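Could you build all of it, start to finish, from the sequences and the hints given here?
Protein chains: 2
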Amino acid sequence: MAHGAEFDAIRDLLAEWGPLASGIGDDAAVLDVPTGERVVISTDASIEEVHFRRAWLTAEEIGARAAAAALSDLAAMASVPRGLLLSLGVPESWRTSLTQIARGVGRVAASVECPIVGGNVSSADALSLTFTVVGSALSPMRRRGAKSGDIIFVTGTFGGPGAALGALMEGRTPADAHRRRFAAPAPRIAEARWLSEQRAVAGIDISDGLRGDAEHLARASEVSLVLNGSSAPRVAGVTAAEALASGEEYELLVAFRPDELPDRSEFERRFGLPLTAIGVAVPAGDDPVVITDVGVEPGGGFDHLRR
Amino acid sequence: MAHGAEFDAIRDLLAEWGPLASGIGDDAAVLDVPTGERVVISTDASIEEVHFRRAWLTAEEIGARAAAAALSDLAAMASVPRGLLLSLGVPESWRTSLTQIARGVGRVAASVECPIVGGNVSSADALSLTFTVVGSALSPMRRRGAKSGDIIFVTGTFGGPGAALGALMEGRTPADAHRRRFAAPAPRIAEARWLSEQRAVAGIDISDGLRGDAEHLARASEVSLVLNGSSAPRVAGVTAAEALASGEEYELLVAFRPDELPDRSEFERRFGLPLTAIGVAVPAGDDPVVITDVGVEPGGGFDHLRR
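Residue numbers (the numbering used here), protein chains in the order written: chain A, 1 to 307; chain B, 1 to 307.
No wet-lab data here; the hints were simulated from the structure.
Accuracy of the hints is not assured; some may be wrong.
Covered stretches of chain A (chain B as the covering partner; in silico rule of three or more C-beta atoms under 8 angstroms from a C-beta of chain B) [what the hints assert, rightly or not]:
| no. | segment |
| --- | --- |
| 1 | 14 to 28 |
| 2 | 77 to 85 |
| 3 | 119 to 126 |
| 4 | 132 to 140 |
Predicted, not measured: the structure shown is a model, and the values here were computed from it.
Quick reminder that beta carbons are idealized off the backbone N, C-alpha and C, glycines included.
Here's what the structure looks like:
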């Protein structure tokens, strides 16, 4: 893209974002975080043909989904978003869709009150959206921190993105409920803050799949997790094993001390989402994650943990 | 790139960076900035065939140059680097060069004491390096802040990158001195901090060319700049007009009040670089930048400003 065309593209983006885009015009953005809070920062790329295909999503969905995926990393750290920066690689064939992409980004950023503070636009062979998200927290939630005896919870309902992706890869039309979870994930920012305030001791967002991210938390915390594979709520039409493998859920997996469990009905009332106990941390064994009872109906395990 | 290959690539990068890479392993990096300082953040992409060609540079130079370009935005804001994140798009044909790219990134990051705190790796059709750089400053330098009567200075010696790029585009071998300035720019972090401490009132780094970036500063400050086009030091073999147009210099252009000029010999002693008065700010006119006396030898203008 010629230099002038880049400026035109940036002008289109800023017009779409309006007051949501702030402080743009210097070589860098300037942000303030409350005194005593730590800065939390992550970068995340969505690339056409690697992370999504054009035929699967509208331009607005592509923007929204990529923004949600990036902001989910701030949720994983129980941080308040302070700003995002977007580096766009734009092929000529996408140029006219830029405003819709920006609309999707803006909608998700606005939903978590995250100003858009910078970015850049380059020409490219494939559409790419590289987000940097900046947040802050007094005490960011970490993957490490779970101890043997802790109870493991997840937010939300699993399996939709995996089922939708499976259908799309096979050229089938995904079920509406599955497609919605795939195309319009929500970063669980407010949920994570609440869970952290309720003394969650470790957490992660579920991007690689419940099982895979449980492994990440287990390794960082130097424990093993025993999970009841069928106790995580799941969308209609998926098996427990599919729900455990489904990636890009952007739900949260968190650990609580057994004597400081969160009030799940309060969580559900506040956020309209289930919060479900799915397992327990045990001393580190050969396998970081052990799945038990696949096939048992949700609620069949860990019922003694409900309160 | 398959998930496992991405992990392998990340392992190679971390092995190359050693202790320079810190705090990696959570969903986001956690940084602290000194109490009272503001967070300064910028994102910058270098894409093969857009910003560079493979034949022009070694892999290590590609990494170093892209890192320097990104960190230069922190220099432009007179900020102390606190961390950088690198999002890499890596085609299969570049996979074996990743360690050398990382070496170049690491060398430049270490030169300004900037830890590498996060990033990600994706497969891609073209090599791309998207950096996010985070710094802090009590009072970040801005493009705005120059007033009529201010004296405009630049660091360094101009024209090298433009001459090298011109030669490369025409298939010629650039002169060594030109190529060095093109392939191995240095972010002027320490220089910018010193200039800011000496009461520079506005500043910008020179990525689009001295003339172009002077325009950016003039517009942001709502003044016009009258520049003596031949007074900026330049490398052998380039004209004053070529020096004004040469981009990717990553030198600094700063404004000082006429009664608070910096000690240029002290600057040159500290940094081994010239600091040169090249013009003056005047009330905003039709043209944000007016070039005078192109063709006059360096030092021919603004001599009355020297001290």
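Tell me if chain B covers the segment 119 to 126 of chain A under the three-residue, 8 angstroms CB rule, please?
Three-residue rule met by the segment 119 to 126 of chain A, so holds; n is 7.
Residues of the segment 14 to 28 of chain A with Cβ under 8 angstroms from chain B, three needed, outcome:
holds (count 4)
Verdict on chain B covering the segment 77 to 85 of chain A, where coverage means 3 or more residues with a C-beta closer than 8 angstroms
Satisfied; 5 residues make the cut.
Tell me whether the statement that chain B covers the segment 132 to 140 of chain A is true, taking a Cβ distance below 8 angstroms and needing three residues at minimum.
This one holds; 5 residues, not fewer than the three required, reach chain B with a Cβ under 8 angstroms.
Consistency note: the structure conflicts with none of the earlier hints.
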